[in-house]
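All chains should be modelled from the sequences, with the hints used to inform the complete structure.
As they're listed, the protein sequences go chains Y and X. In this text, residue positions in the first sequence follow the numbering used here: the first is 2, and each later residue adds one. In this text, residue positions in the second sequence follow the numbering used here: the first is 202, and each later residue adds one.
It is possible that some hints are incorrect.
Cut-off 20 Å, straight-line C-alpha distance, at most; resulting in silico cross-link-like pairs (SDA-like, lysine to any residue) [to be verified]: (1) Lys620/X x Val60/Y; (2) Lys283/X x Lys141/Y; (3) Lys283/X x Ser78/Y.
Hint data in this document are derived by calculation from the structure and do not stem from the laboratory.
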Amino acid sequence: MEKLQPYMIDSESSAEFTLCGEVKAGFPSPAEDISEKLDLVKLLVRHRASTFFFRVSGVSMVEADMDEGDILIVDRSIEPYNNCKAVCFIDGEYTVKRVEISDHEIRLMPANERVKKYKPIIVTPDNTLIIWGVVTYIIKRA
Amino acid sequence: MFALADCNNFFVSCERVFRPELNGRPVIVLSNNDGCAIARSNEAKALGIKMGAPMFKIRDIVRKHNVEVFSGNMALYGDMSKRVRWTLEEFVPFIEVYSIDEAFMDLRGMNISDYDAFAKEVSARCWRNVAIPVSVGVSHTKTLAKIAASLCKKYPKLRGGCYMAREQDIEKVLRKYPVGDVWGIGRKSVAKLTDMGVHTAWNFTRLSEGLVRSIFGLTGVRTWRELRGESCVELDDRDEGRQSICVSRSFSHEITDCAELSEQVATFAAQVIEKLRAQHSACVEMVVFASTNRFREDEPQTALSRAVLFDVATSDHRKIISSAVHSLRDIFRSGYGYKKAGVVITKLIPESGVVHSLFEDGRAREKEVKLSSMLDNIKHSFGRDAVRFASQGSGKVASAHERQSPHYTTLWSDIPTVKIE
Chain Y
2 MEKLQPYMID SESSAEFTLC GEVKAGFPSP AEDISEKLDL VKLLVRHRAS
52 TFFFRVSGVS MVEADMDEGD ILIVDRSIEP YNNCKAVCFI DGEYTVKRVE
102 ISDHEIRLMP ANERVKKYKP IIVTPDNTLI IWGVVTYIIK RA
Chain X
202 MFALADCNNF FVSCERVFRP ELNGRPVIVL SNNDGCAIAR SNEAKALGIK
252 MGAPMFKIRD IVRKHNVEVF SGNMALYGDM SKRVRWTLEE FVPFIEVYSI
302 DEAFMDLRGM NISDYDAFAK EVSARCWRNV AIPVSVGVSH TKTLAKIAAS
352 LCKKYPKLRG GCYMAREQDI EKVLRKYPVG DVWGIGRKSV AKLTDMGVHT
402 AWNFTRLSEG LVRSIFGLTG VRTWRELRGE SCVELDDRDE GRQSICVSRS
452 FSHEITDCAE LSEQVATFAA QVIEKLRAQH SACVEMVVFA STNRFREDEP
502 QTALSRAVLF DVATSDHRKI ISSAVHSLRD IFRSGYGYKK AGVVITKLIP
552 ESGVVHSLFE DGRAREKEVK LSSMLDNIKH SFGRDAVRFA SQGSGKVASA
602 HERQSPHYTT LWSDIPTVKI E
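Right under this line is the structure:
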């Protein structure tokens with residue numbers, strides 16, 4: 002990863018694309034008063050209080066479109082639901098898995114069928130599982 | 202009704218957000234030169250680690266019980282504090298941020314049918330959003346809400362929320378509540394109250410108003426009324442700015458050299474000015490101070506301080522920094538190892554209200570204003586350290602952060618990593 006700028010989630014500082022510029026002479030731009038703009042932060046961060054970023058390392062989720070170096074946008078305010086992708090903290094370690102939630106059990110599913118060693122984790126009372134937050138977006142370099 | 206939301210062991214809780222395995226383990230956070238414990242988990246409190254305990258005195262306990270020790274990480278704590286604030290603002294239109302880990306909520310005029318459920322819901326939402334445990338107390342006054350919040354910390358079965366409003370409940374609680382723990386009652390008052398045989402908050406409410414007024418003045422009466430359920434302290438949601446600003450640090454080593462100490466003081470002055478200018482105020486008075494390490498009983502001790510009064514209220518970089526440095530040089534005594542220094546400015550007034558002196562040189566003043574606002578712009582665009590006064594030296598404060606956690610939420614290079622293998 003290259004060096005990145007420090008950055009906080011803040012409604013005041015957001016990436017924007019403005020289509021109109023300063024008019025030096027002549028007739029003023031009719032678009033000057035329009036404040037419409039595309040705001041990436043507003044798109045990606047729905048809940049600023051509960052949204053956090055994680056960086057991915059490892060390859061067990063490549064078929065779920067998560068690759069080494071990607072940045073995950075994680076929203077803690079979302080109640081984990083069946084088949085959600087979530088950052089989990091299980092037995093003292095972080096992992097990202099697809100979470101299968103049924104009435105009688107929780108299973109953490111990897112998404113890389115080519116590598117056999119990635120097996121589903123069936124959560125038992127012996128495990129300590131914290132579903133830390135639900136992944137809402139994946140930021141990756143094209 | 203008012204609510205107080207108080208984050209439990211806030212700095213420790215922030216360290217646990219990304220390290221859930223630290224729940225249930227003793228954790229402490231040290232002050233910024235790694236000197237003293239400024240936050241302790243309940244497990245650390247149970248080991249007998251006192252608030253403010255110097256590290257060298259607790260080293261054995263830390264080793265023996267494998268206490269997790271962190272240097273303060275203010276970037277993280279500030280960000281988490283903001284997230285808690287945003288969460289509280291989802292519930293009510295007005296909150297008063299009282300400190301980094303406490304905020305009052307004004308519940309008057311809100312349509313809340315069950316205050317107890319409301320308090321628990323606020324606490325639960327803070328936990329879900331930010332993973333910070335928060336105690337929420339609800340009662341008739343801010344002072345009582347603060348007491349209600351403290352009950353949540355004592356009784357986990359309250360699940361983070363406590364509604365204390367019935368007369369008999371309040372009496373029961375106040376009868377056991379030490380008067381010295383009441384919001385607004387200072388250490389000096391406690392000594393007087395103890396002499397009078399007043400030990401609990403309840404004893405205090407039984408005094409006559411006249412007696413309270415004659416001994417403790419109007420503020421005492423305010424607290425007395427608040428404890429009796431009459432709201433006297435309004436929610437302060439107006440951003441009035443602070444009445445004083447202080448920047449002080451302990452150093453990682455003892456400074457014996459006047460030039461080195463001056464550089465530190467100049468840096469503190471620059472930071473004070475930054476805060477002063479951010480709230481568009483000017484100051485009339487400044488105090489510069491420095492002191493030796495009072496825990497080193499084997500070494501000579503001294504404490505220096507000097508107050509400076511400006512003829513015209515100012516927020517000018519050159520004036521304040523040069524006065525700070527000159528004062529320090531004036532009072533500096535060699536032969537001592539200085540461990541701590543700081544700059545405090547008081548008597549703050551809004552910049553717009555500054556009355557200029559008849560004898561002031563108008564053009565010089567204009568220049569001063571221009572220079573200062575230019576400095577603000579540079580700092581704003583390029584960061585706090587982009588430009589500084591030569592008297593600040595390298596501008597680095599000699600403090601240690603050996604055990605600081607990553608800036609998980611404020612630096613891209615520090616965001617947590619999930620391994621998926």
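Hint by hint, here is what the structure shows:
For the proposed pair lysine 620/X and valine 60/Y, the alpha carbon gap of about 8 Å is at most 20 Å, so the pair holds. The hinted pair formed by lysine 283/X and lysine 141/Y fails the criterion: a straight-line CA distance of about 28 Å is larger than 20 Å. This hinted pair checks out: lysine 283/X and serine 78/Y have alpha carbons roughly 16 Å apart, not beyond 20 Å.
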